[in-house]
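If you read the sequence shown in the working numbering, its first letter stands for residue 4, the second for the next number, and so on.
No lab work stands behind these hints, which were simulated from the structure alone. Hints are not guaranteed to be accurate.
[As the list claims (entries may be wrong)] Dumping the calculated DSSO-like pairs for lysine-lysine here, alpha-carbon to alpha-carbon at most 30 Å: (1) 401 with 169; (2) 169 with 320; (3) 53 with 401; (4) 227 with 333; (5) 191 with 71; (6) 436 with 71; (7) 333 with 312; (8) 16 with 53; (9) 228 with 320; (10) 227 with 169.
[Said to hold, decoys possible] FRET-style restraints, in silico, Cβ to Cβ: (11) 37 with 323: 49 to 57 Å; (12) 136 with 195: 18 to 26 Å; (13) 296 with 471: 42 to 50 Å.
Ideal Cβ positions, reconstructed from N, Cα and C, are used throughout, including at glycine.
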Amino acid sequence: MRSQTSKRTGEWKSRIASELIEILGTDAVISSEDELIAYESDGLTGYRVKPVFVVLPSSTEQVSQVVKLCNREEMPFVPRGAGTGLSGGALPSREGIVVSLSRMNRILEVDIPNRVVVVEPGVVNISVTNAVSAEGFYYAPDPSSQIVCTIGGNVAENSGGVHCLKYGVTTNHVLGVEMVLPDGAIVKLGGMTLESFGYDLLSLVVGSEGLLGIVTKVFLRIIKKPQMVKTLFASFERIEDAGASVSAIISSGVIPAGMEIMDNLSINAVESTVGAGYPTDAGAILLVELDGPGAEVNVQTPTVSEILKGNGAIEIKVAVDENERQLFWKGRKSAFAAMGRISPGYYVQDGVIPRSSLARVLGEIGELGKRYGLRVANVFHAGDGNLHPLVLYDPEIKGESEKAEELSGEILRVCVDAGGSITGEHGVGFDKKRFLPLMFSEQEIDTMNLVRCAFDEKGLCNPGKVFPTPRTCVEPGMQNHSSKPPPKEMGEFF
Numbered sequence: 004m005r006s007q008t009s010k011r012t013g014e015w016k017s018r019i020a021s022e023l024i025e026i027l028g029t030d031a032v033i034s035s036e037d038e039l040i041a042y043e044s045d046g047l048t049g050y051r052v053k054p055v056f057v058v059l060p061s062s063t064e065q066v067s068q069v070v071k072l073c074n075r076e077e078m079p080f081v082p083r084g085a086g087t088g089l090s091g092g093a094l095p096s097r098e099g100i101v102v103s104l105s106r107m108n109r110i111l112e113v114d115i116p117n118r119v120v121v122v123e124p125g126v127v128n129i130s131v132t133n134a135v136s137a138e139g140f141y142y143a144p145d146p147s148s149q150i151v152c153t154i155g156g157n158v159a160e161n162s163g164g165v166h167c168l169k170y171g172v173t174t175n176h177v178l179g180v181e182m183v184l185p186d187g188a189i190v191k192l193g194g195m196t197l198e199s200f201g202y203d204l205l206s207l208v209v210g211s212e213g214l215l216g217i218v219t220k221v222f223l224r225i226i227k228k229p230q231m232v233k234t235l236f237a238s239f240e241r242i243e244d245a246g247a248s249v250s251a252i253i254s255s256g257v258i259p260a261g262m263e264i265m266d267n268l269s270i271n272a273v274e275s276t277v278g279a280g281y282p283t284d285a286g287a288i289l290l291v292e293l294d295g296p297g298a299e300v301n302v303q304t305p306t307v308s309e310i311l312k313g314n315g316a317i318e319i320k321v322a323v324d325e326n327e328r329q330l331f332w333k334g335r336k337s338a339f340a341a342m343g344r345i346s347p348g349y350y351v352q353d354g355v356i357p358r359s360s361l362a363r364v365l366g367e368i369g370e371l372g373k374r375y376g377l378r379v380a381n382v383f384h385a386g387d388g389n390l391h392p393l394v395l396y397d398p399e400i401k402g403e404s405e406k407a408e409e410l411s412g413e414i415l416r417v418c419v420d421a422g423g424s425i426t427g428e429h430g431v432g433f434d435k436k437r438f439l440p441l442m443f444s445e446q447e448i449d450t451m452n453l454v455r456c457a458f459d460e461k462g463l464c465n466p467g468k469v470f471p472t473p474r475t476c477v478e479p480g481m482q483n484h485s486s487k488p489p490p491k492e493m494g495e496f497f
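Kindly generate the complete structure, drawing on both the sequences and the hints.
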């Protein structure tokens with residue numbers, strides 16, 4: 004392997020720049036220090052690393068050529084979508100390349116009879132639904148960031164959304180991908196049909212966080228819009244009662260399209276931003292969306308209302324029309340962005356717990372917040388137990404950033420102790436890799452690394468992510484790029 008020192012020379016950089024320009028064109032290669040700043044991090048801005056180059060390919064063939072160059076030079080590369088990720092999954096690697104897929108943003112095919120849409124990875128999530136809405140269809144996975152996040156990133160993180168309880172997450176709606184492997188080879192896994200032959204490598208790729216290659220085309224399954232949709236809004240004095248309502252609704256046999264909880268801090272942040280009509284004195288609100296055949300929804304609605312009343316709901320409303328329904332959801336989907344109204348900084352977590360543990364875990368999170376002297380705003384996909392606690396802090400106060408990170412880690416421990424997971428849809432990335440041993444033994448982690456090595460023996464594809472300690476695909480004692488931590492730059496948590 005070439006020495007790191009040789010790669011830092013101006014001569015090396017000039018040569019690589021010339022080759023990249025030959026592949027992509029001058030306007031698709033970024034190397035100036037000022038322009039590279041925009042790519043130092045993803046949505047988790049506490050970690051920052053400046054890459055040597057950012058490239059903007061516009062085709063699978065260009066991605067393949069760039070990756071072949073990286074493979075030859077043994078230079079790390081990191082795939083990047085819209086940069087909205089919250090786990091440091093798109094954090095650049097030192098002396099590496101960021102492969103930004105923002106220019107690969109075309110919807111390539113809309114096949115209504117087969118209920119398939121073929122897109123490039125840079126297509127924004129909501130654009131898929133917009134493309135088929137007039138035909139009475141939609142794309143079900145709907146992360147709260149769906150107006151900006153891209154399909155490629157959704158595939159990498161196996162993103163969910165407010166309707167994943169009934170309709171599943173990204174992996175349930177991806178029929179196939181075209182991808183560039185870490186040696187530059189182009190392969191197709193799955194395709195236009197529901198079933199394919201051979202090993203199910205597609206399921207391995209969805210949720211692999213960019214460690215196995217770069218996805219350049221995605222075959223998506225679309226579904227028919229339901230006949231009827233009703234959205235119920237309920238407010239509670241205590242968030243534990245909202246959590247208990249969720250378990251009771253599922254136990255009754257009703258499977259809503261989605262159930263979302265927000266606590267008082269989140270409610271007030273949202274109301275000061277979008278005015279969704281949430282009561283600012285409520286301890287929590289719960290949104291329940293029912294959809295399906297009209298007869299079924301009309302039977303389920305009073306059943307759910309009675310359960311909400313039985314668990315202490317103060318107020319229950321059913322959206323009177325589509326405008327009010329959209330306003331209910333606008334409040335929920337604006338929650339993360341609205342936090343800036345009540346706190347100068349916040350640390351987002353993403354843990355999963357069994358639904359039956361909601362009330363207990365929410366209580367424990369509240370106690371942790373008191374112990375650390377920090378506020379925790381709770382916003383989450385209650386139906387599938389996917390918590391998104393936001394630890395609020397002031398980065399100008401010495402030590403609060405570190406305290407917020409420590410509290411976030413304690414929340415993940417609570418989730419795992421309850422029988423849950425350290426991530427639901429944000430991924431492990433760089434931020435949470437140190438917590439992977441909470442869930443897996445060393446042998447299990449080594450086995451997962453063997454899978455990565457089967458795709459990427461040089462460890463060049465998105466190195467330093469997911470695995471908690473430097474794990475290489477070479478002889479013991481040797482190191483690859485994944486063993487290098489990012490520098491401690493301003494605002495970085497350590």
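Structure-inconsistent hints, enumerated in ascending order:
1
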